[in-house]
Structure formats: structure tokens, C-alpha cells
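Make the full structure from the sequences, and use the hints.
These are the residues of each chain, in order.
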Amino acid sequence: MNNRNTTTGRRRVLKGIAGGLLLPAAAPVWPQLPTAARPPLLQLVPILKEITGGAPVREGRVKLEIPHLAENGHLVPLSVTVESPMTAADHVRTLYLLSEKNPRPVIAKIGMGPGTGRAALTTRIRLAGAQHVVAVAQMADGSFWAAAVDVIVTETACLDASEIT
Amino acid sequence: MHLLWCCVALVSITAHTAEPRRPDPLKSGIEFSSAEVRALQQDDFSSPAMLWATRGEKLWNEPAGAGNKSCASCHQDARASMKGVSARYPKVDPGTARLTNIEGRINLCRTQNQQAPALRYESDELLALTAYIGMQSRGMPVNAVIEPQNRRNFERGRDIFYTRMGQINLACTHCHDRNFGRKLLNDTLSQGHGNPYPAYRLEWQTVGSLHRRLRACFFGVRAELPPAGSQDLLDLELFLAWRSQGLKVETPGVRK
Amino acid sequence: MSVARILVPSQAKRGEVVEVRIAIQHPMETGFRMDNNGRAIPKNTVSNLVCRYNGAEVFRAEMGSGIAANPYLQFYFVAQDSGNVEFSWVDDAGEKGSASSAITIA
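Residue numbers (the working numbering), protein chains in the order written: chain E, 365 to 529; chain Z, 44 to 299; chain V, 1202 to 1307.
What the hints contain is simulated information worked out from the structure, not anything from laboratory work. The beta-carbon is built from N, C-alpha and C at its ideal position, and this holds for glycine as well. Be aware that a few hints might be false.
[Claimed, not checked] With beta-carbon atoms standing in for the labels, derived distance ranges: (1) Z:E74 / E:G424: 35 to 45 Å; (2) V:V1291 / E:A452: 23 to 33 Å; (3) E:L406 / V:K1297: 11 to 21 Å; (4) V:R1234 / Z:G110: 15 to 25 Å; (5) Z:S124 / V:E1296: 32 to 42 Å; (6) Z:P137 / V:K1214: 51 to 61 Å; (7) Z:G263 / V:Q1281: 50 to 60 Å; (8) Z:I211 / E:T518: 13 to 23 Å; (9) E:T518 / V:A1303: 40 to 50 Å; (10) Z:P68 / V:N1285: 46 to 56 Å; (11) Z:F262 / V:I1306: 21 to 31 Å; (12) V:N1238 / E:P467: 16 to 26 Å; (13) E:A452 / Z:G108: 54 to 64 Å; (14) Z:G289 / E:T518: 28 to 38 Å.
[What the hints assert, rightly or not] 30 Å max Cα-Cα, derived BS3-like pairs, lysine-lysine: (15) E:K427 / E:K465; (16) V:K1214 / E:K465; (17) Z:K101 / Z:K134; (18) E:K413 / E:K427; (19) E:K427 / E:K473; (20) V:K1297 / Z:K101; (21) V:K1214 / E:K413; (22) Z:K134 / Z:K112; (23) Z:K101 / V:K1244; (24) E:K413 / V:K1244; (25) V:K1244 / E:K465; (26) V:K1297 / V:K1244; (27) V:K1214 / E:K427; (28) Z:K70 / Z:K291; (29) E:K465 / Z:K101.
In C-alpha cells, the structure reads:
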């Protein structure tokens, strides 16, 4: 009697401990924060002020696609598209990829022109922890347009060193 | 009654079973990977692992050593001569009578036939060559044959797989047989197969060998790390090859 | 010389927007990693990549350590005349790289 309880008790305790570590692999849904709930762009990426020289930045025309949940911050795929006819009169001049929390806020500065044809880029970035990524397009007429995405990063780049292994 | 329960407890504590079994269903690690990792492995151009295979193709044709011979000098086109080779490794080398993996076989060729220095594990050159040679078996089933010459190696590898080790006191089987598909902290546990190696791991930001990955697992349970190329890891590599029999080679693979 | 692969279509129609890709083997060393002696490994990233089509710049990427190791870029240009698509880049250590591919316009 005593022993039966002990065995079951041990199994239950083990399950409790294991349950903390070994969770069933359910696919979580990470909804995007509504724009209103997100801090303003200048607060997310203060370097924006330097880039724009104080000019207003509107949200729109820029579509930024990043997985909501990045398994590893060392390689996060990113696609950015800007609505623009890419003519001599109306095109994207410069596209900035900015990071809220990386040690260096400017991920890349992309130069484009009418010869580019389509203001679209796919690349892979590093993210040092969960944060916002902001894409800012400067148009030929000097106006700025932006989009921001919130990314959850489970293994952090720059800071999680795994040199031993 | 008391004795019976003691026996039951003893059996459940001992991880080692009489006959090793393959996981069922047999699944490659790519099936436990995220959509992003799967997309990377599938696209040959954007796969970072392919950069090493491309370098491997260059090295295959480059003369090396005192003899100034390249791999191609003897083996011609790797697409023909190396087809299916990796899938049958590790195996006992007829010359040395020792269990040898692809890295070891390359170094035997380099030192004996090319009179060139051996390549270090995790060196760019050795990774590139093993990635390129492994790629010639891509899509083919893993098929390491267990026979009298390597039976002892197989049994030693099996014993390593089922023996608890390290401060964490876990055996490979605890995660990779009993808990694949479930999560350890944030990682989804795979079945622990070697079929994509050498592979590009996002965490490493580079391609690495199977031995590097195995050493990382030893580190994970806080056990002493056997050196890359050591007998322990070679024996384990053979057991893992047996255990992944039939799975398709994915070299050069991509993993997180 | 690091390995680089480019993907440029061999043919296109005049005025067509063409997709090109480049993948470069490069550690994009951040400067934040330490070696086994605790010393920081110096920063070394591919800093400037330029794509020229028949000599005219159609795309430029100034990259930093925020771009993942073994940088990969996929972008576009407008096909006009037959000629050459050239990629050139340089890293912090001064190592230059280049790749090019011919394109025929129908």
C-alpha cells in the first residue's frame, strides 16, 4: 500500500518537474501589436531624428515582413517592399533598416534609384533580443515613410555566446 | 510485494534496453525545425550551407601537397565517384582496419596520397570538403552496415547512447527517444540524427561537423567533451548512422 | 577570397524588372564576440556592396553587424540593354570581392 503510493507519488513529482521543462509543442500565435499600442517611432529608434533631420515620418507605403517569432536572433529573414513607381520623378532614394535594441541601431542603409525598378529587398538580419524593427524609406521628394514590426527573439544575437560548442 | 515494487522501480530507472531500437516514426530533424529553417534548407541558393559545398567543389579540383594532386586527379568528377559514399559512412577502412568517418577518410587521402597535411576538424577546408562530398549522397538513404568488423564499435556507440552522463545525468535516449517533439525550454527536441551533417547551424553562424554537434550535447548535460575525431564520437557516429537507417541524407543541411 | 554566389537571369526583355540575388560567405564579425583568451574579436563586416548594370549603379547596400553572417541580398533592377551585371563589395579589413554575370536583352 505504502509502496504503491510512493511509486505513483514519484511519477507525479517527476511529471511536475518535467512538465516545467518539457512542454508539448503547440504552435503559438503571436499577434502583432496594434499600432496605437506601440511606442512612437522616435522613441523606438531615436536615430530616426538624425536620419530625417526632424522631418515628419509617416506610416504607410512600406511593408515590412519578418517572422513574428524568430527562433534564433543570429539569422532572421526580412523582406521589405515600398509602394513606389520607381520613376525618375518618384522613387525610393534610401531605405533604412533600423533596430530598437541592437548594439548598433542601423542594420543597413540601402541606396536605390529609378534603375532599381522595384523597391523591394529580402535579406537576413541579426536581432539582439525581442524588439521592434523599423524600415524607413526616404523618397526622391524628400518625404519619409516607415513601418515597424515587433519580433520575439528566443536566442539572442550579439549577447548569447556559444563559443564552447 | 515490497520486493516486486523495488524490481519495477529498478527496471524503470535503468534506461538501457536489451536491444536498441530506432525511433518510431523515424523523422529527420528538419521536421522539428521552424518554417524559416526549412525554407533555408530547401533553397539551394539562399542556403548558407551551400556556400561551403561550393567551396568544397573548388577545393576538390585544387592540387595540394608535395604530389601536387587534387582530389579530382584520382577521383575525377565527385558527382559520379562520391555518389552514395557518405551515406555508407562511418565504416572500417580496409587499410587501417579502424572505424573511419568522412573527415578521417579525407585526411587519410591527404596524408597518404597527396602528401599534404591533415585538415583540422572545423577548419573551413575540411568542412567544405565534407559538405561537398556529403552533398553527393543528398536524397539517398543513410545506410551504414553493421557487420563483424564494426560490431564492437556499434556496441560501444550504443552503450554511450544509453548511458547516463554528466552533472545533469541524462543519456541521449532520454531526450531523443523518449521526448522528441516536446520542448526543452524553448527548443523542440529532435530525434538526434546525423543525416544533415555537416550542417549550417544558425547558432554557430557557420557550418559545423557532426562531432561539433555531439560535443555540444555532451556540454548540454555537463559531461566531459570527447575530442572531435575521438573513438567515442566515432563509435557514437556509427550507432547514430544505424539508428537513422533509411532517413535521407540532407547534407549540407540547415538547422537552428 | 570568400565564396560568393550570384543569381542573375541570362536573358530578359527590355524594360523588365529583373530579380537578382547574392550570397557571400563572410562571418560579419560583430566585434562583440570574445576569443578563448577573453579578447574581443575585431569587427569585420562586409560594409559596402554595390551592384552596377552596364556601369551604372542600380543598388547599394551599406551593411553593418546587424546583417546576419554570410550575407544574403535579393533585389531588383530594370533590364535595358544587353551587357554585364557586376557586384563589388569590400569589408572592414579591406578585402575586396566581386562577381559578375552577363545578361542578354531580347
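Numbers of unmet hints, in rising order: 3, 4, 11, 16, 21, 29
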